[in-house]
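Trainee: Using the sequences and the hints given, assemble the complete structure.
Number of protein chains: 2
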Amino acid sequence: MSVDLSSGSIVSSKVYQGHGFPMLTFGEQARASQLPFSHQPFLESLKKRGLNESEVLCACFTIGWFGEAKTKRNVKVKCYYANGTANLYARPVEGVAALVDLDDMKVLDYNDRYVVPVPLPKAEATEYRASKLKPPFGPKLKPIAVSQHDGPGFSIHAHTVSWANWNFHVGFDIRAGPIISLASIFDLHKQKHRQVLYRGFISELFVPYQDPTEEWYYTTYFDCGEYGFGQSMSSLQPLTDCPPNAAFLDAYYAASDGTPVKIANAFCIFERYAGDIMWRHTEISLPNEVITEVRSDVSLVVRIVSTVGNYDYVIDWEFKPSGSIKFGVGLTGILGIKGGAYTNTDQIREDIYGTLLADNTIGVYHDHFFTYYLDLDIDGEANSFVKSNLETVRVKDHSTPRKSHWTVVSETAKTEADARINLGLKPSELLVVNPNKKTKQGNIIGYRLLPGPAARPLLITDDYPQIRAAFTNYNVWVTPYNKSEKWVGGSYVDRSRGDDTLASWSLRDREIENKDIVLWYTMGFHHVPSQEDFPVMPTLSGGFELRPTNFFESNPVLKTKSPNYVQWPNCTSQH
Amino acid sequence: MSVDLSSGSIVSSKVYQGHGFPMLTFGEQARASQLPFSHQPFLESLKKRGLNESEVLCACFTIGWFGEAKTKRNVKVKCYYANGTANLYARPVEGVAALVDLDDMKVLDYNDRYVVPVPLPKAEATEYRASKLKPPFGPKLKPIAVSQHDGPGFSIHAHTVSWANWNFHVGFDIRAGPIISLASIFDLHKQKHRQVLYRGFISELFVPYQDPTEEWYYTTYFDCGEYGFGQSMSSLQPLTDCPPNAAFLDAYYAASDGTPVKIANAFCIFERYAGDIMWRHTEISLPNEVITEVRSDVSLVVRIVSTVGNYDYVIDWEFKPSGSIKFGVGLTGILGIKGGAYTNTDQIREDIYGTLLADNTIGVYHDHFFTYYLDLDIDGEANSFVKSNLETVRVKDHSTPRKSHWTVVSETAKTEADARINLGLKPSELLVVNPNKKTKQGNIIGYRLLPGPAARPLLITDDYPQIRAAFTNYNVWVTPYNKSEKWVGGSYVDRSRGDDTLASWSLRDREIENKDIVLWYTMGFHHVPSQEDFPVMPTLSGGFELRPTNFFESNPVLKTKSPNYVQWPNCTSQH
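Chains as they are written, first to last, in the working numbering: chain P, 1 to 575; chain H, 1001 to 1575.
Because the hints were derived from the structure by calculation, they are not lab data.
Just so it is clear, the structure is predicted and the values come from calculations on it, not from any experiment.
Don't take each hint at face value.
[To be verified] Straight line, CA to CA, 30 Å or less: simulated DSS-like cross-link-like pairs of lysine-lysine:
1) Lys438/P - Lys1140/H
2) Lys142/P - Lys1142/H
3) Lys1396/H - Lys76/P
4) Lys1047/H - Lys1122/H
5) Lys1122/H - Lys192/P
6) Lys1140/H - Lys440/P
7) Lys561/P - Lys1134/H
8) Lys396/P - Lys1076/H
9) Lys48/P - Lys122/P
10) Lys1437/H - Lys140/P
11) Lys1122/H - Lys438/P
12) Lys1396/H - Lys70/P
13) Lys396/P - Lys1070/H
14) Lys1426/H - Lys426/P
15) Lys1326/H - Lys1142/H
16) Lys1438/H - Lys1483/H
17) Lys387/P - Lys326/P
18) Lys1515/H - Lys1426/H
19) Lys396/P - Lys1072/H
20) Lys1132/H - Lys561/P
21) Lys140/P - Lys1192/H
22) Lys515/P - Lys387/P
23) Lys142/P - Lys1559/H
24) Lys1438/H - Lys140/P
25) Lys515/P - Lys440/P
26) Lys1326/H - Lys426/P
27) Lys1190/H - Lys1326/H
28) Lys76/P - Lys47/P
29) Lys1190/H - Lys140/P
30) Lys134/P - Lys122/P
31) Lys1440/H - Lys1559/H
32) Lys440/P - Lys1132/H
33) Lys561/P - Lys1142/H
34) Lys559/P - Lys1140/H
35) Lys1132/H - Lys559/P
36) Lys1515/H - Lys1192/H
37) Lys387/P - Lys438/P
38) Lys122/P - Lys1190/H
39) Lys1438/H - Lys134/P
Mentor: This is the structure we're talking about:
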């Protein structure tokens, strides 16, 4: 139902009749997770395992769609044994799952597969809290910090951020998390702000696990559409999640009962000084002088962390004075873990669908597919998508001693079908350009995509999870802007059937030339866990870049000066 | 000739009879570059163009091999007009080249192709020195610095660096530049240092330009073997090339007459604190408490910059407490530029083999292929190379509602042929393992390669430059360690014929299982210049990672504490 708050009237009372359900709320997840504790067979399962009920914690898992004719708003509830550790995910109570109806809020079915349960991993090996760990500690890192003597170089008014040559708006969405919009860059040469990005966000994060057995086959999360990547955002810790020079913004969303919920320090914004070089050149060819000109690099980062159950995702938007936007993704937190009887690989005679990480502990194989919605408006709304293919030219006329060279053959995508691309198969630069604007030299104004990890799905295309995630069948798609096409897996993703995804919209093969277009880019990771990822995983990083390409007349940071270095003498430090 | 300095005797006086010549020295390049000025036809060419002789600068260009039966140690000398700019490379004197014999140090041939020369780019647009640029300046960046209250966390004894859990040696080679050797990491659990890398360096950097015309077809640089990537290293500028907390090391090499030449501040070593997260987790599922554990990341960087003529390459070796080694490459400096009559793309009716960057200025298409020599010694010398292929499994027995999943099928390379890989064609993890050592859980101890940009050559394989650079035909090769196989393009690369490259050595298809092996990895970039790259290019970054994979029993930084944050009050600043 749509309601107009200002007039207090109902705008639309249309009831959605299609497949799929809205995101799970935190409230109903909490209630559903309590249901097993009043379900006698579950309590018997705990007793059989000798587990102390008060140390058992349960969580809700979406169950996807596997061809069922009728679907209800059901989830599976699986449980963990926290007893002595904060790392509940490392201690799954194997063989036990309850099917719960979220609307009726009751247990529909319960199953305990094991007569003789598999042993739980020991609590001690799973702990990650410094206060609970035993010496030796290390490696030891000396104090280090970024300092800005004159304060930060950015300003925030409401949610609009201005820094160096960039302006943009930071928004929050319960489903997507951060939304960056109206990003424009000041062109020193033209003396005006020029549009780059109308709106960008993570439209979906598809995480299919690769264990086909009883309690795992349905584990194919859609973190945005099912769990809410924004709802799952964590409060950032000053000094560790973000450097000392960071500023923070809160976020608010409405709980299922309408109460506002605050995520304190949901965003941090900071100038990143990593010791990188913006540009440089040393010239030794000139007589009697050596010229060295170097500009050190600083960028502005907007960061969030979304903790979807076990996994922590670090999402960075990094704006560079050179006009690039870098998109960083860090994977950390706890792996999806399955219990097992094994303590050594030499006992294993079957596919365990994962890596044996520790005694009785299997890190299950899985993928992460981040699909970014990028409504670029390169120097205006009407844009085109260009594939600049690098093609080998064979020289046959003996005009040169060379037998070959490569050149660029550019192709403008006319319709959506022209813009479906799997990366890595063909050398090409992918650009969003403004076909109506050229540089003084006559080059078409644009930005190009420098892709990151380009893993593609390994599920077969007619497997149910892949039908629902058909938007990952290509790394790159382009669509004409359509207000209703925001969520790449469909408006209602929980238990969806794949009939409302980017793959289905795109079948219309609409015209995309010289129009307001949206670039959908999927960055993928296959994850074979290793013992280093246990009990908590060192960040695995990936990212991609949007880089100005004949957008400016020349290097936009040619006339930037390196930030001054300031020395502080005679200081008294406070630890 | 090999001489034993201690005994003052000749060890070997064998004369090399094969193809190819050693690196060009700076001394002979300087002398050869002066030869045109005593060559009358050249002076007439300058006069015809109205150029002031004292503002003309020349440089040496290697000419490769294009099937000639006899090769001499010849180079081409081409010239630039500095008049009013430091950016000589942006003002090539087109149509003019002298063929010089380096051994006889004389001009063999001279040619001026133009009756009516093309106009030179204007000096003003090419300038990059802040002191010569006119306002407006910007974007403006506020002071920002890294500070370490208790000093750096690393120590350097001679050239051995110790930091956090890492020990390694930093060496210098006139041809390769930095050589990192004997890198080992302290294992907190096992309480000992464990070997990771015996020796690693950039064996070659192949930069083929893609213009087949008269003065460009031979421009297919081998920056290590022809020009000396170490010889070309620039003195680093404190505070801009490296952050304020950096330490510096000098490098020395022998000039052609034996005199020692010092490169001051050739290396910098610094702790990098970029605001990244080493690992984290937020846990909201436990009753009555929210747990957030975060460790902020710090790494140790060894940096050099090698300026090979126009281009500046920023090479980083980054050691992480988590056991990863990240290899960073930054491309900056000046593009390879060709003069031309064009001032706008609408005048162009032919392939100009590049991008029109400014009036009369073409940035020529080219590639950069960085080939790393990585003699890993994973926990000992005897290692194997494993391809862990991710393969789709189709489920046909209805044992699960899933129709598919993927699993890992590992394959140990028996011989060199098994280990030639083009990246991106097949999903797999590439590992160097120690087949003789397992974790307590029974997993084989190893490190894996997380590749970076994987561009492959677009020249046809029987084109002369590609025959010489046949080592780039695959992104990954593995060979058994052989003392003589250090330089991937052969010992003598200038004018080489491709008969002494990794591709030819590897034809022997030697055994590589459970041996001291070398991993050769080529990271490639295709470069289509854009106007932003002119007159000096904002850094384009790429990199790859070696990451411990079942090398440790568990997360090696689990027990690391975040570096303390220190605040400095009551300071007086000095700009």
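Trainee: Would you mind marking each hint as holding or not holding in the structure?
Mentor: To see whether the hints hold, each was checked on the structure:
This hinted pair checks out: Lys438/P and Lys1140/H have alpha carbons roughly 27 Å apart, not beyond 30 Å. Under the criterion of a C-alpha separation no larger than 30 Å, the hint pairing Lys142/P with Lys1142/H is consistent with the structure, at around 26 Å. Taking the CA atoms of Lys1396/H and Lys76/P, the gap is near 25 Å; set against the 30 Å cutoff, the hint holds. Note on Lys1047/H and Lys1122/H: the hinted pairing holds, with a Cα-Cα distance of about 18 Å set against a maximum of 30 Å.
Distance check on the hinted pair: Lys1122/H and Lys192/P sit about 26 Å apart at the alpha-carbon level, within 30 Å; holds. Note on Lys1140/H and Lys440/P: the hinted pairing holds, with a Cα-Cα distance of about 25 Å set against a maximum of 30 Å. Among the hinted pairs, Lys561/P with Lys1134/H is consistent with the structure: their alpha-carbon atoms are about 13 Å apart, no more than 30 Å. Between Lys396/P and Lys1076/H the alpha-carbon distance is near 25 Å, which keeps this suggested pair within the 30 Å criterion.
A hinted pair counts as satisfied when its Cα atoms are at most 30 Å apart, and Lys48/P with Lys122/P qualifies at roughly 18 Å. Proximity of Lys1437/H to Lys140/P is assessed by CA-CA distance (about 27 Å); at most 30 Å being required, the pair is judged to hold. Simply put, Lys1122/H and Lys438/P have alpha-carbon atoms about 21 Å apart, close enough for the 30 Å limit, and the pair holds. Between the alpha carbons of Lys1396/H and Lys70/P the distance comes to roughly 24 Å, so the proposed pair stays at or under 30 Å and holds.
Between Lys396/P and Lys1070/H the CA atoms are separated by roughly 24 Å; this keeps the pair inside 30 Å, and the hint holds. Straight-line distance between C-alpha atoms of Lys1426/H and Lys426/P comes to about 14 Å, which keeps the hinted pair within the 30 Å bound. A distance of roughly 29 Å separates the Cα atoms of Lys1326/H and Lys1142/H; the hinted pair therefore holds under the 30 Å criterion. Note on Lys1438/H and Lys1483/H: the hinted pairing holds, with a Cα-Cα distance of about 29 Å set against a maximum of 30 Å.
Taking the CA atoms of Lys387/P and Lys326/P, the gap is about 21 Å. The hint holds against a cut of 30 Å. Distance hint between Lys1515/H and Lys1426/H is fulfilled; the C-alpha atoms sit about 26 Å from each other, no more than 30 Å. A hinted pair counts as satisfied when its Cα atoms are at most 30 Å apart, and Lys396/P with Lys1072/H qualifies at roughly 27 Å. About 13 Å separates the Cα atoms of Lys1132/H and Lys561/P, which keeps this hinted pair within 30 Å; it holds.
For the given pair, Lys140/P sits about 15 Å from Lys1192/H by alpha-carbon distance, which is consistent with the 30 Å threshold. A C-alpha spacing of about 16 Å is found between Lys515/P and Lys387/P, which places the hinted pair at or below 30 Å, so the restraint holds. The suggested pairing of Lys142/P with Lys1559/H holds, with an alpha-carbon distance near 15 Å, which does not exceed 30 Å. Proximity of Lys1438/H to Lys140/P is assessed by CA-CA distance (about 27 Å); at most 30 Å being required, the pair is judged to hold.
Distance check on the hinted pair: Lys515/P and Lys440/P sit about 23 Å apart at the alpha-carbon level, within 30 Å; holds. Between the alpha carbons of Lys1326/H and Lys426/P the distance comes to roughly 27 Å, so the proposed pair stays at or under 30 Å and holds. Restraint check: the Cα-Cα separation between Lys1190/H and Lys1326/H comes to about 24 Å, which is no more than 30 Å; the hinted pair holds. With a C-alpha separation of about 21 Å, the suggested pair Lys76/P and Lys47/P falls inside the 30 Å cut-off, and the hint holds.
Straight-line distance between C-alpha atoms of Lys1190/H and Lys140/P comes to about 17 Å, which keeps the hinted pair within the 30 Å bound. For the suggested pair Lys134/P and Lys122/P, the alpha carbons sit about 15 Å apart, so the restraint of at most 30 Å is met. For the hint pairing Lys1440/H with Lys1559/H, the CA-to-CA distance comes to about 19 Å; that is within 30 Å, so the pair holds. For the suggested pair Lys440/P and Lys1132/H, the alpha carbons sit about 23 Å apart, so the restraint of at most 30 Å is met.
Taken as a hint, the Lys561/P and Lys1142/H pair is honoured in the structure, with Cα atoms around 10 Å apart against an allowance of 30 Å. Distance hint between Lys559/P and Lys1140/H is fulfilled; the C-alpha atoms sit about 9 Å from each other, no more than 30 Å. Proposed proximity of Lys1132/H and Lys559/P is supported: the alpha carbons are some 10 Å apart, at most 30 Å. A distance of roughly 23 Å separates the Cα atoms of Lys1515/H and Lys1192/H; the hinted pair therefore holds under the 30 Å criterion.
Proximity of Lys387/P to Lys438/P is assessed by CA-CA distance (about 17 Å); at most 30 Å being required, the pair is judged to hold. Simply put, Lys122/P and Lys1190/H have alpha-carbon atoms about 20 Å apart, close enough for the 30 Å limit, and the pair holds. Between Lys1438/H and Lys134/P the CA atoms are separated by roughly 25 Å; this keeps the pair inside 30 Å, and the hint holds.
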